[in-house]
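Novice: Chains as they are written, first to last, in my numbering: chain A, 1 to 251; chain B, 1001 to 1330; chain C, 2001 to 2292.
In short, the hints are calculated from the structure, not lab data. Every residue gets a Cβ at the ideal spot worked out from N, C-alpha and C, and that includes glycine. Among the hints, a few may not be true.
These stretches of chain C come out as covered by chain B in the derived footprint (C-beta under 8 Å, 3 or more residues) [claimed, not checked]: (1) 2097–2109; (2) 2139–2145; (3) 2198–2210.
Just some of the chain B residues that point at chain C, by a computed CB distance under 10 Å [to be verified]: (4) A1124; (5) Y1252; (6) V1289; (7) E1293; (8) Y1294; (9) L1303; (10) L1308; (11) L1325.
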Amino acid sequence: MILLRTVDLRKQFGETRACDGVNFVVNKGEFLSLVGSNGAGKTSLVNLITAHLKPDSGQILFEDHDITRMTVAQRIKAGIARSFQIVNLFDGLTVFDNIALSIFSREGKTVQIAALADHDDEVRRETLEVLGQFGLRDKSSVTAAGLAQGERKLLDVAVAYALRPKLLFLDEPTSGVSTGEKAQIMDTVSSVVRAGTVTAVVIEHDMDVVFRYSDRIVMMHEGRLLADGTPDEIKADKDVANILLGAPLSA
Amino acid sequence: MNPVARRSKVPLLAASALALLVLAVLPSFIGLYQTQLLTYGLIAAIAALGFNLLLGYTGLLSFGHSAFFGIGAYAVAFLARDFGVRSMEVYILIGLPVTALLSALFGYISVRHTRIFFGILTLALSQVLYSLTYKWFWVTGGSDGLRVPRPTLLAGFMEFVGAGSFQRFLNAYYYYVLVVFAICVMIMWVIVHSPFGMALQAIRDNETRAAFLGIRIRRFRWIAFLISGTFTGLAGILWVPLNGLTTPEILYWPFSGEIVFTALLGGFRAFTGPIVGGIVFTYLKTYAVATTEYWQMLLGVVLVLLVLVLPTGIVGALSRLTASLRRRKP
Amino acid sequence: MSIFLIQILNSLFYASVLFLIAAGLSLIFGVMRIVNMAHGTLYAVGAFATAWLIGRGLTAGVPAGWLFLLLPVGAVVVALVGAVIEPVLLRPFYRRAEEYQLLVTFGLLLILEDAIRFIWGGTPITADALMDALPILHIGGLIYPAYNIVVIGIGALAAVALWAVIYRTKFGVMLRATSQDRRMASALGLNVGLVYVSAFAIGCFMAGLGGAIIVPSQAAVLGMGIDALILAFVVVVIGGLGSLQGALVGALIVSFVRTAGIQFFPEVELAVLYLIAAIVLLVKPTGLFGSA
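Produce the entire structure from the sequences given, and follow the hints as far as they go.
Specialist: In structure tokens form, the structure reads like this:
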């Protein structure tokens, strides 16, 4: 079942065509990796889908609804969330509060001004659950600023996940972390997806990670979709190999 | 928010009750003049508490809070002069919505911007109010200001006339302000510990991420501004019956600077910071003004020193001290 | 008709002063990304210092014509003050949260405002002698001081000179390089500290010059700094922070509106300015020539 589809999506920055007629498809429940060299347009595509950018032309369809005109808040409500390449956390709040806030926001409870956040047992329970899933439970009372880089990345993903989106975009969730932490992050994300709760699209550069965890791989090059298939299919694709190795494309 | 179990509120309640008790008993020990000073201190604490909702919790530095203090004060003065009102309760009941209205308006204009533009905008708006108050002297009494007679407390039940009335008023008014102060502290405490308060801090820490959680940034900032201005306005309402007089001076920009200073002095990252700052500042100012004519320069120098040396203010320094002492214990 | 001409001249006069203040503010922001809350007060220092010097010169018997040379002196005084302030008070805060920068410059504002009171007292100081030294012109039956024309000339000269320095000199290249990318500039061997203090001093010089040239026409009074700060900000909002053309265009717009406003709605002239600023901010938040 198709969860998200873009129709001829275009975005240009001056001379650069970040997205040049992209028809991107995401199926429900899959773990999709979006790959390509730097500047291929991956982050731009994600930015367009999450309303961080406005497209020049084209459409974005989510669950068959046209969301092209929707604001960030509306898309979040519709079920799209993202984490960031450069970790984007609430440094002054504790790990616990970072997640709790996501949940409060999702539930529309941030307008509650006369109730103590502390006393909301439902939110507390769910926060603990998410923290457990991401292995951050014992860091609950630490301020986000005090975490190690790998943990910050995990928290970044967890905050987006706590919105319980239908579609979760992760922008380079393993960049800047050690190999051990990479495995931890990807194992967690992967298991959460497998549990059937969320569809994940991951922008990734580490091809080992990509091949190990993805159901499907989509490759972008110079603003266009170049290849699309399972890890085995992609491995067999000569053009892809050439791009990855830096050799010219076959004519 | 405490992760594992709901943090017991008992220690906090006990400490607050103790503090309240101390404040309640103090007048019997410190004499009339000091009681009056302390009343001013509590009023300053309320103003600072309101101000810090914007600075400490929402990350917006306003240089124009004198506007709200002033509107509160002048509202009382107008009620007294034009409507013959004497009841403190009526002052508050009518003065609060008036300040809320002004805060809503100024807030709506200001929160469209951040940082320096926000600061300058708040400064500019308070200057407009100041110059209008100064110019329209036939309405506001101009630089002479307006006198405000002694109010009645508790819906007219307590009147202060005749021999010894001044002393009786000062004593009674202290407790009146203390009660209002306690209520303000409780309300503000709930606000900053609510989901709304958490959202404000998120906006302060990372506006982009907060937006990506679906939080409506501008609206929340506006509400924070509204609450902040109203608190400071309440301080103005409480201030003028004690002072007996209101002049345009309290709308002038240095007064906004004083409010900023109190928050910084106490520590704007802590809840109790503005309270401590407000009370301490009132004492410092009284003695500084008595000592030198150029106390504004002194204020500026201390402000710069604070930012350089003690950016977390008194409360911040104290908590670091206790933390390091605790670590030393075997 | 001639009243109209007078109003235009008044606007240009005022615009010259505003341009100097706003351009100084914009320059400092453009190079160093800081906004100095005490900038208006520096303008006031320029006004007071110049008026005082002129007063001294007059009592010493110096003919008024020579006293014109004191105008740049007042500006230089402010520049020197700035050259001391930047490394001592501002540099420690570049890496810290912006609130602290605002707080420090606000503290500076408090200090300078009182310093003015301390040094020169609370009463206004005038320097009318300078204005009187120049002839009165007759424009279509109305009189107009030649001094104002001189000020307009100085304003225009300053705009050209500033443009020349920034876009035609080696120093200007250094300024622009440092403002684009501080680390890169430093890596290329530019003495960033020197650039910073120079840029700040130039910005202060301009504010001081603004104060110096206005004081023969308007007395130096306490509180003039705050009003100037707010107006300079309106200029910069309209024109765009960090842009020289923006400061020029903004100063002209603000000035013309203010002159017209004073004619017709003296009480609400400030409100009209804010309205324009608000509209510009709605339509183009970075100002007419600004770039985020």
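Novice: If a hint holds in the structure, say so; if it does not, say that too.
Specialist: Against the structure, the hints come out as follows:
{"no.": "1", "hint": "2097–2109", "verdict": "holds (count 10)"}
{"no.": "2", "hint": "2139–2145", "verdict": "violated (count 0)"}
{"no.": "3", "hint": "2198–2210", "verdict": "violated (count 0)"}
{"no.": "4", "hint": "A1124", "verdict": "holds, 5 Å"}
{"no.": "5", "hint": "Y1252", "verdict": "holds, 8 Å"}
{"no.": "6", "hint": "V1289", "verdict": "violated, 13 Å"}
{"no.": "7", "hint": "E1293", "verdict": "holds, 8 Å"}
{"no.": "8", "hint": "Y1294", "verdict": "holds, 5 Å"}
{"no.": "9", "hint": "L1303", "verdict": "holds, 4 Å"}
{"no.": "10", "hint": "L1308", "verdict": "holds, 7 Å"}
{"no.": "11", "hint": "L1325", "verdict": "violated, 27 Å"}
Of the numbered hints given earlier, the model fails hints 2, 3, 6, 11; all others are met.
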